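Build the full structure now, drawing on both the sequences and the hints.
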Amino acid sequence: MANNAAEHPPGNSVADPSQEGDFGITTMDLRNLMELRSAEAVASIRDGYGDVQGICRRLKTSPIEGLSGNPVDLEKRHASFGKNFIPPKKAKSFLALVWEALQDVTLIILEIAAIISLGLSFYHPPGGDSESCGQAASGVEDEGEAQAGWIEGAAILFSVAIVVLVTAFNDWSKEKQFRGLQSRIEQEQKFTVIRKGQVIQIPVSEIVTGDIAQIKYGDLLPADGILIQGNDLKIDESSLTGESDHVRKSLDKDPMLLSGTHVMEGSGRMVVSAVGLNSQTGIIFTLLGAGDSDEEKKVKKTKTQDGIALEIQPLKSEEAAESEEKEELKPVKKVNVTKKEKSVLQGKLTRLAVQIGKAGLIMSAVTVIILILYFVIDTFGVQGRTWESECTPIYIQYFVKFFIIGVTVLVVAVPEGLPLAVTISLAYSVKKMMKDNNLVRHLDACETMGNATAICSDKTGTLTMNRMTVVQAYVGDTHYKSVPEPDAIMPDTLEVLVNSISINSAYTTKILPPEREGGLPRHVGNKTECSLLGLVLELKRDYQPIRDEIPEEKLYKVYTFNSSRKSMSTVLKNADGSFRMYSKGASEIVLRKCSHILDTKGKPRSFSPKDRDDMVRRVIEPMACDGLRTICVAYRDFPAEAGEPNWDNENDILNDLTCIVVVGIEDPVRPEVPDAISKCQRAGITVRMVTGDNINTARAIATKCGILLPGEDFLCMEGKEFNLQIRNDKGEVEQERLDKVWPNLRVLARSSPTDKHTLVKGIIDSTVGETRQVVAVTGDGTNDGPALKKADVGFAMGIAGTDVAKEASDIILTDDNFSSIVKAVMWGRNVYDSISKFLQFQLTVNVVAVIVAFTGACITQDSPLKAVQMLWVNLIMDTLASLALATEPPTESLLLRRPYGRNKPLISRTMMKNILGHAIYQLVIIFTLLFAGEKIFDIDSGRNAPLHSPPSEHYTIVFNVFVMMQLFNEINARKIHGERNVFEGIYRNPIFCSVVLGTFVLQIIIVQFGGKPFSCTALTIDQWLWCVFIGVGELLWGQLITAIPTHRLKFLMEAGHSSTKEQIQQEGLNEGTDEIDHAEMELRRGQILWFRGLNRIQTQIKVVNAFRSSLYEGLENPESRNSIHSFMAHPDFASLSSDNEDPIPTIQETGDEITGP
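Quick note: the sequence shown uses this note's numbering, first residue 437, plus one each step.
Each hint should be verified, as a subset may be incorrect.
[Claimed, not checked] Simulated restraints on C-beta separations:
{"id": "1", "residue 1": "H915", "residue 2": "A1078", "range": "30 to 40 Å"}
{"id": "2", "residue 1": "R1334", "residue 2": "M870", "range": "22 to 32 Å"}
{"id": "3", "residue 1": "D1165", "residue 2": "R1334", "range": "34 to 44 Å"}
{"id": "4", "residue 1": "D984", "residue 2": "R1334", "range": "55 to 65 Å"}
If you're looking for bench data, these hints aren't it; they were derived computationally from the structure.
Quantities reported herein were computed from a predicted structural model and do not represent experimental measurements.
Note that beta-carbon positions come from the ideal geometry of N, C-alpha and C, so glycine has one too.
The following block contains the structure:
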């Protein structure tokens, strides 16, 4: 079983610049070659090119030295074979976004009503204003006012235009912002290639055909390639073929590597054979994008609810059990499930919007009916008029006016600013979280993090610095408490030790000189291997000459590290036909396979199980108790006369080893971690450590971090014991058993990725305790994928994390630091509170406006707040208030309360008390002014005014007071937990201050100069002062409400609970149908005609979609989808996972479709 290395002709070094130019192979040749698999591909390479070297020669590249990097050569390669780049989908134009905003149902109703009103105002039939038409025509003040009837219709159309432009501009700016973010991330995605014999990292988009790329465990391949040399290489090709078994790659069996597939094990080198649109992924991508309109319909089938591509890998039955879809947050993972459960907040908001929508629709319908009935009974019954043809236009104008009043009640009733508030809050948070080293890939993860009750964290790199150094060693029967001097070790032992470490490690792992003088040397590659190479350097030896003497091509067989082996071994073939194998790995695992150990003289002596137990007790446990990770380095010789062993029989090969050294590696705890963990504990979040290290090391680190506190009865256990306690006789996990373990478990050591997944799933599914748990998980390895997906929020490491882990995650920690998770908790809670603040403010406005419009209309036949005024109130109360309240920066005080959890209602009793309390104050003031205002201010009454009468001072004061009260109540709404000081920290939010002041200035302009369009007449300074004084009364009234203890008000209901499981199940839809959110489902049942919630849940979710589409364009991998590196994450690709699989369900949030680039 030879190591898969292609023999390369000597002297075939960097391509000679004089030969650069035409290549001996065309793009089509390479495309056709890459479509072949396994033996067919091997045969085709042999017949057409001799071997892989032949392809390299034709591509004018060296398998050892790579390309020259000459810009002229690279340009020629771009011209001949294309760039590794997918052009992004063209962004929607501003006009297209305006057109989308116009599709809003309520706006369309208003437009139609306004146009009818306009048309009728220009139609004056002869005799139409005669007495015979009754009260309808009487009392028109003068001809000029009658002619001005068109103003209201025009003003409504103008208001609609403003709303549409604001919405479209929102969409446009968000898309622009995220495209900028995307291009920034795209530049950060790098891949390792060899140029001029140097291993360098270049941006994925700069990879060219002919490049020699180094691939390793955890990589997502950025281009198609042909294997030149591989060690134990296994690839997950499920994203292209639908086959979930890992495919073993080797030169003689299957050397073809495809872009978008994941390296699950091993390492190697490949020559890049196709990039960009010419790669296998790119070809399919082109096919998908070809038919535009027809194809776009098909593409919809592969979108999930929030735009994130369905997990492409079809799950086999055993895996399916472990990879169920996420409980609250994630897109669907199983192909046969169409329902994506909403995030905690989304679910609560949608239910609330539906309830308010129903109430608003009923109120508006009743308002219209009462107005029409009152008018008909009064005109034709009480006054005894008959309907005459010349009066028809006047009557119709009245009916249109009633209809407009009804629509405005509906407009104000539904808090359509909610989706906008959510969007702004999430967008603002995502942007700011970037600065706090949290790169958010799925927007709703932001808010879910605020509800987190448990964090399962890795140890290495997250809690510790991931800068490992060897500080103790046991070699030659001596335990050194610091690194020994080279002359203290026997020369033979030193020789075998240095060779073992230098050869039996990834050649990509290196220690480079510091970037600046006085700095620490740079560790590149695997950090544990770096610490061992550091030991070689401390022993005054150099690993590079040994690697140069034995290049990777000469390695006979490599058993790469994986989670089941927990060790790595490399086999060399000696000149006499014998073999030597070097091994390293977790000390207790490797020592179990040792039968000999090198003694003080450097000679092997026997090593019995008793000796091993003695060594564990004397050496390994003391090291572990100091918080050190212990690694054992060993070797084994296979004599030539015994013949070549069966390398596939690992149990026999990895046995009978000779121990060289056991080292203790220190990975210091990050200085900021203990403080971050104590903040989590104060905030009611339990932190658990899940690590592959041994239990003593894990316990020592957990104590240093503050996860384990002295005198507390918490559990630390190993994976093996954990499995014994939670599984029944048949080996199945039982939730009841798990429920006895997890509440006290703080450290899980020697755990496998399956243990991590089992623990996370068990905590999420558990129903013990007061509230259901919301779990966050950190992970960096490929094997952490299942746990990251299962968690409510998955954090991947930006530096140490593999591409596979990043793809499975929701948030990427760009600094791999635990304290960044605490920042994410703070931002998450802030999002939740921002939405609650907006709700408290919005619902007060809605309750008051609806009751005023309804009661006023029923008693005075006219809404005290006119249609255009309502639209202005709606604009300031929705768009501007959501901007003001959703951008409150978070404070440390957010971490002083416990998490809300899944079951906490959106509107608490305190908020309900505030909403109703302020509504009472506002209603009393408004009705007092409405029915007694003319006496108080000594002005003419504005009630029962005829059709085209001029605006009255009376109704202007009512409108102005209403807006002033909302303005000051906006300040009250900043606090939702009953705090007294509503001004606290107000200067930290300039957006809030500018919105409040801006609204005040605009209100002055509208009242003083708005005139007929706004139904306003200018007020005197005295009247203005009274309006402001009544508004300030809101602040004083707020203090009074705060003084009332909430616990006494038992009658207050909470609102905005999350969906129950039964309701979620009822909402399951047939496979293949579009998913619709709660609101749309209600619509389809015909229970609601159309309500304002859908209006903005359509227009504003486009903002969310603009975010998400461009966000995951940029953040999906996290590399941009513009690079081929990330094709596989693209939704257009999901349908290709397998021809044999069931069709992937369509899951679509709105009619709007942003198909991505």
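We went through each hint and held it up to the structure:
no. : hint                      : in the structure
1   : H915 - A1078: 30 to 40 Å  : holds (35 Å)
2   : R1334 - M870: 22 to 32 Å  : holds (28 Å)
3   : D1165 - R1334: 34 to 44 Å : holds (39 Å)
4   : D984 - R1334: 55 to 65 Å  : holds (59 Å)
Of the numbered hints listed earlier, not one is contradicted by the structure.
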